[in-house]
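So the protein lines, in turn, are chains V and R. Letter by letter, the first sequence follows residues 25 to 412 in the working numbering. Letter by letter, the second sequence follows residues 25 to 412 in the working numbering.
Be aware that one or more of the hints could be misleading.
A pair counts as met if it fits within one copy or between any two copies, since identical chains are not told apart.
Subject to a maximum C-alpha distance of 30 Å in a straight line, what follows is the list of computed DSSO-like cross-link-like pairs (lysine-lysine) [as the list claims (entries may be wrong)]: (1) K86 / K47; (2) K86 / K121; (3) K121 / K400; (4) K98 / K47.
These aren't lab readings, by the way, just hints derived from the structure by calculation.
2 protein chains.
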Amino acid sequence: MEFHDRPRFPRGFRCASRNCGLKPTAKDLALFVSDTDASAAALFTRNKFPGAPIILGRETIKSGRLRAIVANSKYSNVATGERGIENARRMAAAAAKEIGATPDRVLVSSTGVIGVALPIEIIERGIIGMSGDLVDDPIVGAEGMMTTDTYAKALSVSVGAATITWVAKGSGMIEPNMATMLAYIFTDAAFDAPTIDRLLRAAVDVSFNMLSVDTDTSTSDTCAMLANGLAGSVDESAFAAALTAGCIRMTEMLARDGEGAEHLIRATVRGARSVVEARVIAKSIVNSPLIKTMVHGADPNVGRILMAVGKCTECTIPPGTTDAWINEYAVVRAGERLPFDDDIVRAAFANEVVEIVVALGAGTAAATAYGCDLTKGYIAENASYYSS
Amino acid sequence: MEFHDRPRFPRGFRCASRNCGLKPTAKDLALFVSDTDASAAALFTRNKFPGAPIILGRETIKSGRLRAIVANSKYSNVATGERGIENARRMAAAAAKEIGATPDRVLVSSTGVIGVALPIEIIERGIIGMSGDLVDDPIVGAEGMMTTDTYAKALSVSVGAATITWVAKGSGMIEPNMATMLAYIFTDAAFDAPTIDRLLRAAVDVSFNMLSVDTDTSTSDTCAMLANGLAGSVDESAFAAALTAGCIRMTEMLARDGEGAEHLIRATVRGARSVVEARVIAKSIVNSPLIKTMVHGADPNVGRILMAVGKCTECTIPPGTTDAWINEYAVVRAGERLPFDDDIVRAAFANEVVEIVVALGAGTAAATAYGCDLTKGYIAENASYYSS
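All chains, full assembly: derive it from the sequences and hints.
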């Protein structure tokens, strides 16, 4: 499967973005439109303080039909009470009016500072005229969603006659749980809403749900998929494989662009007793601050891998059969550190992609988690996110 | 209860420390001795890759009797296989010989880099003559245990005719589970080993087990308590209260001296459905990188408190009744952010101690967790711990 060199939309999808005045000059508003009603599914954060757009979105997605998604950055519309819900509804209504649809066909996303009222009049004014700006370049929409992302993220791939396109933003407060930051997936393949929902859940399970930048689960996470059917039927297995591959690729892009990150860390755990345990241990590796700083500093302190595995005290971990590799170089065998060459490990850590593989010898289950290193950049960004 | 201005030992306990050559010049070896056999209990890390001293220590403590503790820093003797166990035994034997006891009465601790063989000959040579250096100042012993600690940590308090003395080290790879980093507690009160064990578990449960510097559970955690009985019987309730208070105070000292830390963060959750849930949520607050960086930067981005509470998706959290305070200043009421004064919150975060209180309105249970802010200092220390 080859991703397109330059991401493009499936037939019948377009987007626009602009600065509406929430930020001084950067883009802060994005609109994604399907020319026709699309089958749709969406997964949302499981955080117990979901934002107003999540509360509204859970209601909207029940119909399994969407025409558009409207998203703003800078303010997340979380912890804003009844007025927040009302503002999310006004945002959907403004987008619906702009494209000639009904508000119940518009999904709303807001990300940014928690607990500040949405300046809804500014957004409503900003939406006016966006239908005249619609283009078929998904990067344009991605630009309108960015917060601390360092670049706009989009991907696309062909499956038979159909196309699948991913548009997403990161990049902090990310350990998705049942859903993820903002990730939108568009396709012109024809599937009904229950099928879209099933395929999306399966793909998210091994991709966005295995991503962690900083262990913090956002109150605004949304992953939505729209299928407008303009390309007709495609083989479901081929579609599911492409969907999963693209979700994993986008997960890696989000991890690599985690706040302050300089490396993608991919942790694979094999030989686990169960998939659940493999997932817990793989997540423990990418979430360990001591693993993250070790990779950042290219410090061959690989005993920390055993620490991060061993702290999963509820899992079956036989110390005597645990092996580990860093970018295919063996560093632990049978629970003991091998007398490896420090310089080879340092060189492995210097790669942009650092792959840590742990084989437990406890069973046959495996899982992979995606994360990034922890740098002073993360701290600089998050020590003044609200004030700056 | 008043801690002594200058920590001192109970009757019959002394210690010594020195540089034996593991580090260039800093102290790297500590010896704590009771003149007589003491009743003893110990809790160890639940990490699945326990160090050799932990494996040996679990065997040693079964008798409920100890005469001495010997500890080195720089190398943790973890992931070192059978040879590691043998080296831990040799360390116990060397200390036993030096003080005229048997090896089964000596508890061994090693902390530092994981996966490097212990230079046992250097340690054996270093132990020789330490019995001539024994003094009654617990700070001297604490100095020999330090790794990245910025100062040597000891406390003492009187209970009736008895004294309780705590000696501990921090300061990274700390989220103890059933035990903690290295914390030794000495008393001349008379209690048998089962009582010491019961009292220690109860105190650790609300103190060291609620401490997290970085969510990483060390492979070397040990908390041991020795009671030599020289002061005779003391009231058990008064003793338990003093023991718990001292463990909490030492926990706060360890959190405040977490690697790179500039603030102690104390998170109290009230109104939870159960103590287990209160503990999970309080830990989630002190473990959130976004809370930690917010405190570090004195950035009044307090919506993050709701995020950190709400990501405990398995807990009962009614958004509509959740309130929050920072150093007694109300910032959230009924799940909504109050229109607070940013400057008051900034000033609260400027305090060395930042107390976050969350009231859930879900029940009557409460718990307190202890942590610290996340700074560039943590990253600097841990990106080159092995190499430097």
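To see whether the hints hold, each was checked on the structure:
When the C-alpha separation of K86 and K47 is checked against a cutoff of 30 Å, the pair qualifies neither within a copy, at 33 Å, nor between copies, at 64 Å. Taking the closest pair of Cα atoms, K86 and K121 come within 30 Å of each other only inside a single copy of the chain (21 Å); across copies the shortest separation is 75 Å, beyond that limit. Neither within a single protomer nor between protomers do K121 and K400 lie at most 30 Å apart by alpha-carbon distance, with minima of 45 Å and 48 Å respectively. Within a single copy, K98 and K47 get their C-alpha atoms as close as 7 Å, which meets the 30 Å cut-off; across copies the closest is 50 Å, which misses it.
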